[in-house]
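Student: Using the sequences provided together with the hints, build the complete structure.
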Amino acid sequence: MRRVPVSRRFLLALSTLVVTACATGVPEVPAGPDGQRDEVLVVGRDVYRRNCVNCHANDGGGGKGAKLKDGAVVEKYPDAADQAAVIRNGRGQMPSFDGRLTDAEIDAVVRFTREVLG
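Numbering (the working numbering), first residue to last: 1 to 118.
By construction, these hints were calculated from the structure, which means they are not laboratory data. For each residue, glycine too, the CB sits at the ideal point set by N, CA and C.
DEER-style ranges, computed between Cβ atoms:
(1) G25 / E115: 15 to 21 Å
(2) S96 / P30: 28 to 34 Å
(3) A80 / A31: 21 to 27 Å
(4) P33 / G63: 32 to 38 Å
Tutor: Structure, rendered in structure tokens:
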């Protein structure tokens, strides 16, 4: 039986399509009273979409990772600095994002999970 080679371009395109399809349900950042979106929250949404949806789900409902929505993240981490430390250093099955995310990105995703999902 002859094996049909699969090109790397095809695999890259397919994986990009899958990731995009999985991440389209991430909630949008609402506009403020002035009609503008908070840019830090927009960055946080993008960081969440790229790094968190596989474990925490598009809407923060959990799965492999902990539930974040409906106040769960604020209940578990009343102090946002504690949540940022878990993202930075990891804990249990949560991987460390130290060196993969900047401090500004970590702060942005903390705000997004607390203010938009939470």
